[in-house]
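Line order of the protein sequences matches chains A and B. Per numbering that gives the first Met the number 0, the very first residue in the first sequence carries number 0; after that it's consecutive. Per numbering that gives the first Met the number 0, the very first residue in the second sequence carries number 0; after that it's consecutive.
Keep in mind the hints are simulated off the structure, nothing from the lab. Be aware that a few hints might be false.
Said to hold, decoys possible - Anything over 12 Å on all C-beta distances counts as not near chain A; from chain B, calculated: (1) Ile17; (2) Gly48; (3) Ala71; (4) Val235.
What the hints assert, rightly or not - Cut-off 27 Å, straight-line C-alpha distance, at most; resulting in silico cross-link-like pairs (DSS-like, lysine-lysine): (5) B:Lys213 x B:Lys288; (6) B:Lys6 x B:Lys213; (7) A:Lys90 x B:Lys143; (8) B:Lys27 x B:Lys80; (9) B:Lys288 x A:Lys21; (10) A:Lys55 x B:Lys102; (11) A:Lys55 x A:Lys90; (12) A:Lys21 x B:Lys143; (13) B:Lys102 x B:Lys295; (14) B:Lys21 x A:Lys70; (15) B:Lys253 x B:Lys211; (16) B:Lys211 x B:Lys21; (17) B:Lys152 x A:Lys90; (18) B:Lys143 x B:Lys247; (19) B:Lys143 x B:Lys288; (20) A:Lys90 x A:Lys70; (21) B:Lys143 x B:Lys102; (22) B:Lys6 x B:Lys143; (23) A:Lys37 x A:Lys21; (24) B:Lys76 x B:Lys21; (25) A:Lys55 x B:Lys152; (26) B:Lys152 x A:Lys37; (27) A:Lys21 x B:Lys141; (28) A:Lys90 x A:Lys37; (29) A:Lys37 x A:Lys70; (30) B:Lys80 x B:Lys288; (31) B:Lys143 x A:Lys55.
C-beta: ideal position from N, C-alpha, C; glycine also.
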Amino acid sequence: MIANYGYKDGSGEFYISIDTDKCTSCPVEHACLTGCPKGMFEIITDDYDDVVAAVKQSFRRSLAFDCSDCKPVGGYTSLPCTTACTPGAIKHSW
Amino acid sequence: MSSGEKKEYWRWQENCWIDETKDWRAAKIVTAGIDVGSVSSQAVVCVDGELYGYNSMRTGNNSPDSATNALAGVLEKSGMKLEDITYVIGTGYGRVNVPFAHKAITEIACHARGANYMGGNTVRTILDMGGQDCKAIHCDEKGKVTNFLMNDKCAAGTGRGMEVIADLMQIPIAELGPRSFDVDEEPEAVSSTCVVFAKSEALGLLKSGYSKNKVIAAYCQAMAERVVSLIERIGVENDFFITGGIAKNPGVVKRIEKLLGTKAVDTKLDSQIAGALGAALFGHTLMLKQAASATKAA
Chain A
0 MIANYGYKDG SGEFYISIDT DKCTSCPVEH ACLTGCPKGM FEIITDDYDD
50 VVAAVKQSFR RSLAFDCSDC KPVGGYTSLP CTTACTPGAI KHSW
Chain B
0 MSSGEKKEYW RWQENCWIDE TKDWRAAKIV TAGIDVGSVS SQAVVCVDGE
50 LYGYNSMRTG NNSPDSATNA LAGVLEKSGM KLEDITYVIG TGYGRVNVPF
100 AHKAITEIAC HARGANYMGG NTVRTILDMG GQDCKAIHCD EKGKVTNFLM
150 NDKCAAGTGR GMEVIADLMQ IPIAELGPRS FDVDEEPEAV SSTCVVFAKS
200 EALGLLKSGY SKNKVIAAYC QAMAERVVSL IERIGVENDF FITGGIAKNP
250 GVVKRIEKLL GTKAVDTKLD SQIAGALGAA LFGHTLMLKQ AASATKAA
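With the rest of the complex left out, here is chain B:
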């Protein structure tokens, strides 16, 4: 990197994964879910209602291109073509801009469905910490939403807020969580009302002699307090599951768990794909319904 080049501390890891043990050609129904979020886009492909592959990447400035590029990653890796996919559902804030989607479903319903698959049918409370909003969702054993609350007016408590702090501290975003625990004592939270206030406060703390780690800890605590106040409005019922990019930040997750007095369900899957996965599963259910209706009519 040249000395004049600006390092992007906020940039998180994009990834593409295929389940090599499955053969999509043998599947009866292949569905895809495309989640075009404000910060990241995901494409998930399911074969016969089971996760087959996904691609998670940064959303560009054009939602249709982001959707196309996200799906292209999975198609390329699997040798699949768009025509091989029976049904596509778009979700996320750019859901109406997915050019090849057959239907659009809100990310609230999709995250609940995805969390139900990833965390099991005992999941009742879901916290989706997205790029520019945060949602608290309560669902039943089938992953159907029974209550939800969304805060999308402010970047506080969102992935974008964490990116701002990563840039401010000049620390790669993936290191923020672990480093927030490397402090002598837990500091008071910075302002949880607004990211701009939090940034100003963080700068003030640095000038007053706080270490970077201590400032990060103060910000992680603020973010946890912010989202906990949201989730407490709908009530916390176990099991509790966190989706979205912030679920990968242990500095925030552990503090949320401490404030709520409950542990979030672990998953081996990428927490960012929950929305797209839910959309692909909705597609599978719709296909089954259509097939059942056709059989009944015949």
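Next comes chain A alone, as it looks inside the complex:
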């Protein structure tokens, strides 16, 4: 399942997509948890009883601001979360 967390507002579309099929077979024990400097990810059991990563509820409506430090303007050349996620399950829409 592709789970998209985020929103669209007047300033654009801000979604973090997690491919949970890749997540269930994570070989690096969910490195996203420590990869994100703000600790935005958590591990949940989804509706189909798969143990997968998700964006914490408290961050879902403020991604444009919370992720801005990790974007090129913050000095990063690649996103820490997508780099940490070796199965390639995490993607940003912006």
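Could you slot chain B onto chain A? The hints should help.
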């Protein structure tokens, strides 16, 4: 109604229905799904995996009471008691506040499952237009979610937005859809970014000489454009199904169909019960799994 009493144009029809042809007492498994949404609450009872009855009503300011009242409607009409229900699943934004639920499942999974039942196993794309959010869901032939997108940051493209316009126009909400077609030409959409902007723009249009019907048409178009941009992000695959209260508004539905170039699957059932129905069906599946495990262990 007294002259000082404010008419509630936004108020939509609540309803309770029981399938009189079924006898719940003869059923092996009775399950219930309770969908406590931001605007409406539904209780659905299924007997042996088939829809038996439902109650759809407005959510109050207390989620546990809303859940209890929604189910009470079905119980009263059917002569059933809470103890007669084998398994209850809560869903919707108030799912964790259903006091008698055995389990909570997100409304995304439940709407997909409910749409699969209501529209058939050929349904692949679902648009749930809820009271305060809008979800685009892609599912497989079993009603399992494969992709979803949710917009819950803004009331634009939601039932609440339509209620605001009904009050502004002083037209009952059920009449908005049909009246939106009673225009000489299709107007440009108002702002689809924000309900507050749309309301201001609608007032401006009224002052500039637009008829009420034309303003409603402009708002329905804006709402359609808003949700279509959301659903296009996950891709539209037929069959296409719309759940939620806005599915009852032809002014929005027809415009969505025109923008997407596809027709939504019709259903005789109330589009608002999809989430609760999906929850009740999840309950039935869980009961079957538990029974199978028990048999295997024995």
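For each hint, the structure was consulted:
1. Ile17: 28 Å, holds
2. Gly48: 18 Å, holds
3. Ala71: 27 Å, holds
4. Val235: Given that every Cβ of chain A is farther than 12 Å from that of valine 235 of chain B, nearest at about 15 Å, it holds.
5. B:Lys213 x B:Lys288: Not satisfied, since the Cα-Cα distance of roughly 53 Å exceeds 27 Å.
6. B:Lys6 x B:Lys213: Distance of about 22 Å is within 27 Å: holds.
7. A:Lys90 x B:Lys143: Distance ~22 Å between lysine 90 of chain A and lysine 143 of chain B Cα, so the pair holds.
8. B:Lys27 x B:Lys80: Status holds; Cα separation ~15 Å.
9. B:Lys288 x A:Lys21: Within the cut-off at roughly 26 Å; holds.
10. A:Lys55 x B:Lys102: Status holds; Cα separation ~21 Å.
11. A:Lys55 x A:Lys90: 16 Å, holds
12. A:Lys21 x B:Lys143: Since the Cα atoms of lysine 21 of chain A and lysine 143 of chain B sit roughly 17 Å apart, the hinted pair holds (cutoff 27 Å).
13. B:Lys102 x B:Lys295: 23 Å, holds
14. B:Lys21 x A:Lys70: Violated - the C-alpha atoms of lysine 70 of chain A and lysine 21 of chain B are around 59 Å apart, more than 27 Å.
15. B:Lys253 x B:Lys211: 19 Å, holds
16. B:Lys211 x B:Lys21: Status violated; Cα separation ~45 Å.
17. B:Lys152 x A:Lys90: 20 Å, holds
18. B:Lys143 x B:Lys247: With a Cα-Cα distance of about 25 Å, the restraint between lysine 143 of chain B and lysine 247 of chain B holds, given a limit of 27 Å.
19. B:Lys143 x B:Lys288: Satisfied, since the Cα-Cα distance of roughly 17 Å is no more than 27 Å.
20. A:Lys90 x A:Lys70: Judged against 27 Å, a Cα distance of about 13 Å means the pair holds.
21. B:Lys143 x B:Lys102: Holds, because 18 Å separates the two Cα atoms, which is no more than 27 Å.
22. B:Lys6 x B:Lys143: 42 Å, violated
23. A:Lys37 x A:Lys21: Cα-Cα ~23 Å, so holds.
24. B:Lys76 x B:Lys21: Holds - the C-alpha atoms of lysine 21 of chain B and lysine 76 of chain B are around 13 Å apart, at most 27 Å.
25. A:Lys55 x B:Lys152: 15 Å, holds
26. B:Lys152 x A:Lys37: 21 Å, holds
27. A:Lys21 x B:Lys141: Judged against 27 Å, a Cα distance of about 21 Å means the pair holds.
28. A:Lys90 x A:Lys37: 17 Å, holds
29. A:Lys37 x A:Lys70: 13 Å, holds
30. B:Lys80 x B:Lys288: 24 Å, holds
31. B:Lys143 x A:Lys55: With a Cα-Cα distance of about 23 Å, the restraint between lysine 143 of chain B and lysine 55 of chain A holds, given a limit of 27 Å.
Of the hints listed earlier, those the structure fails to meet are numbers 5, 14, 16, 22, in rising order.
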